[in-house]
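*Asks:* Working from the sequences, and respecting the hints, build out all of it.
If you want the building blocks of each chain, they are given just below.
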Amino acid sequence: MKNSAADRVAQFVEDLLKGRRPRRFEATPDEAEAMSAAAGLAAARVGADLPDKAALDRIHGRLAQRLDDSPAVEGRYSRRVWLRTFGTAAAAAVIGVAIDEVVTRTGPGTQIVAADGVLTPDGGQWRPVASVEQLPAGQAMTFSTETLDAVVVNDGGKISAVSGICTHLGCKLQPDIAEQRLSCPCHQTAFAFSGKVLFYRLKAAPADLPRIQSRVRDGQIELFV
Amino acid sequence: MGLIELRPSGRPEPDPEGAVYTDWESVYQDNVVGIYQLAFRRVGNAADAEDVAEEVLIRTLNTLRFPAPVHNVRSYLVKTARSVLADHWRRHYAVQNTVAELEQAPAEGLAGPPNTVASERAQRLLALLPDQFHRVLELRFLRGYSVREVAREMGVTEANARVLQFRALRKAATLEQEVLG
Numbered sequence: 001m002k003n004s005a006a007d008r009v010a011q012f013v014e015d016l017l018k019g020r021r022p023r024r025f026e027a028t029p030d031e032a033e034a035m036s037a038a039a040g041l042a043a044a045r046v047g048a049d050l051p052d053k054a055a056l057d058r059i060h061g062r063l064a065q066r067l068d069d070s071p072a073v074e075g076r077y078s079r080r081v082w083l084r085t086f087g088t089a090a091a092a093a094v095i096g097v098a099i100d101e102v103v104t105r106t107g108p109g110t111q112i113v114a115a116d117g118v119l120t121p122d123g124g125q126w127r128p129v130a131s132v133e134q135l136p137a138g139q140a141m142t143f144s145t146e147t148l149d150a151v152v153v154n155d156g157g158k159i160s161a162v163s164g165i166c167t168h169l170g171c172k173l174q175p176d177i178a179e180q181r182l183s184c185p186c187h188q189t190a191f192a193f194s195g196k197v198l199f200y201r202l203k204a205a206p207a208d209l210p211r212i213q214s215r216v217r218d219g220q221i222e223l224f225v
Numbered sequence: 001m002g003l004i005e006l007r008p009s010g011r012p013e014p015d016p017e018g019a020v021y022t023d024w025e026s027v028y029q030d031n032v033v034g035i036y037q038l039a040f041r042r043v044g045n046a047a048d049a050e051d052v053a054e055e056v057l058i059r060t061l062n063t064l065r066f067p068a069p070v071h072n073v074r075s076y077l078v079k080t081a082r083s084v085l086a087d088h089w090r091r092h093y094a095v096q097n098t099v100a101e102l103e104q105a106p107a108e109g110l111a112g113p114p115n116t117v118a119s120e121r122a123q124r125l126l127a128l129l130p131d132q133f134h135r136v137l138e139l140r141f142l143r144g145y146s147v148r149e150v151a152r153e154m155g156v157t158e159a160n161a162r163v164l165q166f167r168a169l170r171k172a173a174t175l176e177q178e179v180l181g
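Residue numbers (the working numbering), protein chains in the order written: chain V, 1 to 225; chain C, 1 to 181.
Check before you lean on any hint, since a few could be wrong.
Said to hold, decoys possible - To be clear about the criterion: a stretch of chain C counts as covered by chain V if any three or more of its residues have a C-beta under 8 angstroms from a C-beta of chain V, and this derived list gives those stretches:
(1) 27 to 40
(2) 48 to 54
(3) 68 to 82
(4) 87 to 95
(5) 155 to 166
To be clear, the hints were calculated from the coordinates, so they are not data collected in a lab. Ideal Cβ positions, reconstructed from N, Cα and C, are used throughout, including at glycine.
*Replies:* And the structure:
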């Protein structure tokens, strides 16, 4: 029987991590404190806090239903072009490990993007970021150094890396494993794992993502960063 | 209280001085993702975040008269979000002190640079925890281990793993208040 504080909080955490709505119960202040921290950690998983399109559709539909009759917005509603796809909650499956553990921090340096679209930081060097086993096919892994954010992807067995920063206004991209793309949380723009622009809702097309040199050595994925 | 601050995210457009919203649809399109993310960080799951986001938008939109300044609308959305989230914790878990803290939470909400990442704050927080606490939360939340797998990995019983998780979360909450602010 689950009746200790640790058990009740464990059940709450289990529900969060399984993507379920937790059951209601009367929490003590200590339990509430732990649960609040758990909610924050659950949201910190890469992409976990991005709504999927179905959720946005439901919210929009219910708002339209309720606001169409509201005098506050009478006659204001016009059906616009529908919001396109956002990253899905399935992005929570993205590997979001603490890459700080494996990437040696580098000093600030200049980043050069050559004409071939490859980003090569001045003073960069080959650094291991993960083992090949940690990045199965179809998965993506984000990491940061002091000079750049990057995403390493395993695209059908081919490992590569691109900048993790949207080329429009610099928002951090969110890997979306279900859709196999990198989504910008700011302006409905998405890139393929190769760095190519997939879609955008901007006046002009953003540039493709710079690529980052990668290689596999002795089972370790290394990036030139 | 909550591990993750009210951070700006998913804000699709800048907030130029003097800009106005002219209909509810533009308020919705501009802010729904940011409100949802703000809610998710306080409730930790998609179903509750959806309900909270909807309630925040409906309460705000029901009181607006258009045209409405963008800055005012966003401030009001964040203020309303705090109130709705406080109600959520009160109704679902009979929590009072969390309510008070939520109501005093920072108000920046939807109004800053959009690329602060919750996971960075979590990583910083985990790094401050004692080893065992750090380990149990990392395995559980970032690596997706079950309680059973955590217990096996750490060489403890499942009951002890649950106790360890509880203590680690409480410590994380305390540290967040004391150190990260």
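*Asks:* Against each hint, give a clear statement of whether it holds in the structure.
*Replies:* Now the hints, each set against the structure:
1. 27 to 40: holds (count 7)
2. 48 to 54: holds (count 5)
3. 68 to 82: violated (count 0)
4. 87 to 95: holds (count 6)
5. 155 to 166: holds (count 5)
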